[in-house]
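Work the whole structure out from these sequences, hints included.
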Amino acid sequence: MTATLAPPTDVRPKKKRRGAGGEGGAGRASWPVKISVLLICFLWIVPALGVIVTSFRTVDDSNSSGWWEVFLHPFKYIPQLTTANYTDAIHQAGIGTALINSLAIALPATFIPILIAAFAAYAFTFMRFPGRDTLFILIVSMLVIPNYVAFVPILQLYSQLHLAGTFPAAWLAHIGFGMSLAIFILRNYMSTLPKEVIESAKIDGASHFTTFWRLILPMSTPALAAFAIFQFLWTWNDLLVALVFIGPGENQPVTIAVNNLLGQQGTGWELVTAGGILSMIIPVIVFLSMQRFFVRGLTAGSVKG
Amino acid sequence: MLFKGFSAILTVLAGIGVALVLYWILNKIVEFLPGKWEDRIKPYAYIAPAFLAITLYLIYPAIRTVFLSFKNDDSTKFVGTKNYTDLLKSHDFQQTLYNTLLWILIVPAATIVLGLAVGILADHLRPGSEKASKTIIFLPMAISAVGAATVWRFVYAYSPPGQPQIGLLNAIWTAFGRQPIPWLATSTLHFNSILLMVMMLWMQIGFSMVLLSAAIKGVPTETLEAARIDGANERQIFGRVILPQIKGTIVTVFVTVTIGVMKIFDIVYVMTNGNFNTNVIGVDFFNQLFTNINNGAAASIVVMLTVAVIPIMIYQVRHFRAEEAAR
Chain U
1 MTATLAPPTD VRPKKKRRGA GGEGGAGRAS WPVKISVLLI CFLWIVPALG
51 VIVTSFRTVD DSNSSGWWEV FLHPFKYIPQ LTTANYTDAI HQAGIGTALI
101 NSLAIALPAT FIPILIAAFA AYAFTFMRFP GRDTLFILIV SMLVIPNYVA
151 FVPILQLYSQ LHLAGTFPAA WLAHIGFGMS LAIFILRNYM STLPKEVIES
201 AKIDGASHFT TFWRLILPMS TPALAAFAIF QFLWTWNDLL VALVFIGPGE
251 NQPVTIAVNN LLGQQGTGWE LVTAGGILSM IIPVIVFLSM QRFFVRGLTA
301 GSVKG
Chain P
1 MLFKGFSAIL TVLAGIGVAL VLYWILNKIV EFLPGKWEDR IKPYAYIAPA
51 FLAITLYLIY PAIRTVFLSF KNDDSTKFVG TKNYTDLLKS HDFQQTLYNT
101 LLWILIVPAA TIVLGLAVGI LADHLRPGSE KASKTIIFLP MAISAVGAAT
151 VWRFVYAYSP PGQPQIGLLN AIWTAFGRQP IPWLATSTLH FNSILLMVMM
201 LWMQIGFSMV LLSAAIKGVP TETLEAARID GANERQIFGR VILPQIKGTI
251 VTVFVTVTIG VMKIFDIVYV MTNGNFNTNV IGVDFFNQLF TNINNGAAAS
301 IVVMLTVAVI PIMIYQVRHF RAEEAAR
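So the protein sequences, as listed, match chains U and P.
Counted from 1, the first sequence has number 36 at position 36 by my numbering; the numbering is strictly sequential.
Counted from 1, the second sequence has number 26 at position 26 by my numbering; the numbering is strictly sequential.
Wrong hints could be hidden among the right ones.
Derived DMTMM-like pairs: lysine to aspartate or glutamate, alpha-carbon spacing no greater than 20 angstroms straight-line [to be verified]: (1) U:Lys195 / P:Glu323; (2) P:Lys217 / P:Glu234; (3) U:Lys202 / P:Glu31; (4) U:Lys195 / P:Glu234; (5) U:Lys34 / P:Glu323; (6) U:Lys195 / P:Glu31.
To be clear about the criterion: a stretch of chain P counts as covered by chain U if any three or more of its residues have a C-beta under 8 angstroms from a C-beta of chain U, and this derived list gives those stretches [what the hints assert, rightly or not]: (7) 45 to 51; (8) 181 to 195.
Honestly, the hints are just simulated from the structure, not real lab data.
For every residue, glycine included, the Cβ atom is placed at its ideal position computed from N, Cα and C.
Take a look at the structure:
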């Protein structure tokens, strides 16, 4: 059994060759190309730079001059930069609590559906049963159904059960909304795993449960990670589901908290920008550290198509 | 505060633990069945929890929403098709539909073209710079629309003439000696909607760039060399060799972005809340539900949206079937 256990670390062929890039290929970019890429990156960074800079400026400075003045008159403005906005945002504007709430919503909403979906994906990939293809087609068609369909009925249901405004209200909703994508991604990945692994496990007398837990789940790590990142970013960044099922209040996630700051007349730029930056730190870290899995998840799903 | 964080981690562990125990018990129960029945029932035991979630959160609500769309604002009596006719007759809703249509026409196509262009340009760079530039362009995908709104509010900010302009766009505009413009309130030729689409593109182009550029790199070199030997120039190679081979990915990105745009909510909600003639279906639905407290109207908007999505659904299913057959 050991011989077949080597996990296929990457099922997609490694594509080091890069002939399709165009005339020169890698590294031999002409100056116009280099300059245009630089310009595009500049266009992408500049808006974000404004928020970062302003989050460190005093209220008076942000209201009386553009953030770029910091770069034009560094001697005047740089000494006035402060981190007070961040402490104010965390303590007075409630961003601190909201960040914890976001974690409290996103973590369970990310990890609980994975196991449920993995079991279903296993059954769809490695078991034969009547109705399998029809049920999977149902999953595929559910992928595109807007989750808006759920809001009115589920909200009515939640108010009967007194669930509205609580964390479980959001967890359950995210589990339901993410399920079809999770099954789809995991099943697509599992069907690329070598069938011999399953066969030999069966011959060795392993039950489905053991095969799933010991073999298939560890081998599916890339797909599990890809979905986990998707779902985490989705639930962390979500505004709509949170607004509908949790709403503003003590359990509000950071998206609602920052949106409230944006909407309040008279809230200065300093809190909005600091709050905005605080809301972005965790997803950006997750994204950058797991980018490899994320991209692989994206491409594995689509490049084949 | 600490308690909430702790309870979140506890919930994750408990949730996974409970799920695992549940499956283990299900598995054990099924194993007690006589041999033949075990194999028959087990697959259903494995998929049952997943289908319970999907049924409860999508299938049942979808059916119920259709019912609710024929009922009045607090779902107490049937009103027939009144919700639909009222909406479709109202000028505001027609504008909302028109705006959503603009998003659907502009954003997916622009995402493909710009993503392709940026990807091809970046692929010419040395691997280090290629990775760095792609990361920069991809990064906005990680943040929320609310976060992006804090970014773009700054670009579009407006102060009355005479006051210092702290918005980037107005600072540049007034530097040319012009009067500042309240960009997001300028609906001439739907200019403000287009500014919101720019924001969406800023967030989305990285996604299309990464997928398309991966697809281009996957084009077999032999086909390119064959075309070169036959004397094709670079433009012909791109149009006749590369494009046809990445068509599948283009369609995938196009479909994904189209679905996203059809139900676009947060960018518009956060930036304008649909005011200044920027309203779209997603925001209108939300405001019908929470501002007007009209379940009937909200439900009928969702039904219309879902009907509009069905062609894409049919396409997805067909595409999936074809792919399965090719496996």
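Here is what the structure says about each hint:
The straight-line distance between the Cα atoms of Lys195 of chain U and Glu323 of chain P is roughly 18 angstroms, inside the 20 angstroms bound, and the hint therefore holds. At most 20 angstroms may separate the alpha-carbon atoms for a hinted pair to count; Lys217 of chain P and Glu234 of chain P meet this at roughly 15 angstroms. A hinted pair counts as satisfied when its Cα atoms are at most 20 angstroms apart, and Lys202 of chain U with Glu31 of chain P qualifies at roughly 15 angstroms. Restraint check for Lys195 of chain U and Glu234 of chain P: the C-alpha separation of about 42 angstroms exceeds 20 angstroms, so the hint is violated.
Taking the CA atoms of Lys34 of chain U and Glu323 of chain P, the gap is about 39 angstroms. The hint is violated against a cut of 20 angstroms. With a CA separation close to 23 angstroms, the supplied pair Lys195 of chain U and Glu31 of chain P exceeds the 20 angstroms bound. By the rule of at least three residues with a Cβ nearer than 8 angstroms to a Cβ of chain U, the coverage given for the segment 45 to 51 of chain P holds, with 5 such residues. Coverage of the segment 181 to 195 of chain P by chain U is violated [criterion: at least 3 residues with CB-CB distance below 8 angstroms; count 0].
In this structure, the hints that do not hold are numbers 4, 5, 6 and 8, in rising order.
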